[in-house]
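The task is simple: from the sequences and hints, build the whole structure.
Using our numbering, read the sequence shown as starting at 1 and increasing by one per residue.
Worth flagging that the hints you see were computed from the coordinates, not collected in a lab. The structure presented is a predicted model; accordingly, all values stated were derived computationally and were not measured. Where a beta carbon is used, it is the ideal one built from N, C-alpha and C, also for glycine. It cannot be assumed that every hint is accurate.
[Claimed, not checked] Between beta-carbon pairs, the in silico distance windows are:
(1) 190 <-> 422: 24 to 30 Å
(2) 116 <-> 388: 46 to 52 Å
(3) 217 <-> 347: 23 to 29 Å
(4) 120 <-> 163: 32 to 38 Å
[Claimed, not checked] The calculated EDC-like cross-link candidates involving lysine to aspartate or glutamate, where the alpha carbons are at most 20 Å apart (straight line), are:
(5) 438 <-> 212
(6) 391 <-> 416
(7) 131 <-> 141
(8) 131 <-> 175
(9) 437 <-> 141
(10) 179 <-> 120
(11) 384 <-> 394
(12) 311 <-> 347
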Amino acid sequence: MDGHNVHHFWGISPPVDTGSLAAEARGRGTGMTDNTTLHVLQVAPCDARHTLISMSRAARLSPEQNVALHFTVWEESPEGLARHLLMLVVLLDDSLPEADRIQMLLELHGNALLRQCTADYLDMLACLMEKMLVALFSGVDPVNVADKQLPALVTIATILDISLLKFSERDALVDAVHKWRSNNAFDMVSAWDVRMRRWYGDRYDFRRNMIDWDYHMRMIPAGTPGCDPGLGSIVHFHHFRHWRACGIAYELRDSTYLQPNRTLLSTARGRVQEFKDCRAQDIGRSVSAYGFWADILNCPFIAFGITCEDKSFFKATNKHFAYTSVDVAEHNIRALLYELRHGQPLEFAEEGTLRVAETDTDTAAHARLRKCLRLALATGDLTKTITSRAKFKDSFDSITLGARHMHMAGPDYKLDTCANSNAVLLVETAHFMVQLKKEQVGDAVLWCCMLMCNLLTLH
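Following this line, the structure appears as structure tokens:
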């Protein structure tokens, strides 16, 4: 595993409707009844993709909309929790036109550099979100903590549960949002170059060849879920190479990308190796460094761009995909937004109907979410915060586990104690990690299966 990437801000697997998984688990147990509440635990999802798709498809669980979804999201860093909230706010922000909302969400999700308009929008959101969090942490009524001109923040304040955060963690969350402000100068181009020089080392001058190797020897064999392996990956080579070279994944026509995406900045903590003690262990001072410590190897296209309900996006011509992962990602966000507004899936031929009565449908969507959705944030020690607490014993209907934290499926982290007897445990694999060989991916999957078998034995 790559130890150089300290923090990860996008997942390396497609989004999963955790609400449907929880409903299936509840159906095998006590069954679904009126006013049912489904509990979902997300451990290190690295982004909000599972939450976005689950809340957008909540109407599929019950036409009467009497099923509530309670998400508990644990991230290793407060910056990850802050980005989780940001993705929700952008999707729910009805002050933006539909096209801008889609483009800005993808841009903030995976681009290291932003357009000027997106950077200005992020600065505005950072100011409003900081005020909202400070007021919420001060005990103000959620209805009164946000600017009424931005209903998305009122909705987020209403559904947000901060009871699992310590005071120091709340301060860290506010500080992470505060650092998104535009007055926080940062040279992202130089930071990206430094990270590449550190990774490639002596091969830096031949990095284009290394990127080509990673794509054709890692991405192509990984394939596209549900498609002919001979077609390779729907992630286009030019998109993959452009992102690996300069950090821009989603590019809008001839726009210029000059502003840093400050949501990808975080604080890395470690210890200086100054000398060794009598047991040959490294001893040194504790240090921290604020900068760009996100992933520069595994592209963000995997999160939203390789699966889609509309199979026409995977049409192949002359043994090549007719669409790319960028097209799929834009359609997926558009479909989430449509289903969130209208309560029914988007058909490909209906994309032109999204502008009909947008204001009314957005207002109705906010009302539904405030009624049936809750989002609890957590960080720090997972065992002390969630799995060992009596209030969470046998409570979760579905649990997702990030690939970089699959070791938490072991007995030491006690996930079995907080899962009910019919719960679904979904573990992200290392299938799309380009830095791993095929044998290493297989070993990681086998090791994870062994941990899960031990977990089932204990449960």
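Now the hints, each set against the structure:
In this structure the hint that residue 190 and residue 422 lie 24 to 30 Å apart at CB is violated, the actual value being about 51 Å. For the pair residue 116 and residue 388, the beta carbons lie near 47 Å from each other, so the given range of 46 to 52 Å is met. Between residue 217 and residue 347 the beta carbon distance is about 38 Å. The supplied range of 23 to 29 Å is therefore violated. Evaluation of the 32 to 38 Å hint for residue 120 and residue 163 yields a pass: the beta carbon distance comes to about 34 Å.
With a C-alpha separation of about 17 Å, the suggested pairing of residue 438 with residue 212 holds against the 20 Å cut-off. Under the criterion of a C-alpha separation no larger than 20 Å, the hint pairing residue 391 with residue 416 is consistent with the structure, at around 14 Å. The straight-line distance between the Cα atoms of residue 131 and residue 141 is roughly 13 Å, inside the 20 Å bound, and the hint therefore holds. For the proposed pair residue 131 and residue 175, the alpha carbon gap of about 11 Å is at most 20 Å, so the pair holds.
Between the alpha carbons of residue 437 and residue 141 the distance comes to roughly 52 Å, so the proposed pair goes past 20 Å and is violated. Among the hinted pairs, residue 179 with residue 120 is consistent with the structure: their alpha-carbon atoms are about 14 Å apart, no more than 20 Å. Distance restraint check for residue 384 and residue 394: the Cα-Cα separation of roughly 16 Å lies within the 20 Å cut-off, and the hinted pair is therefore satisfied. This hinted pair checks out: residue 311 and residue 347 have alpha carbons roughly 11 Å apart, not beyond 20 Å.
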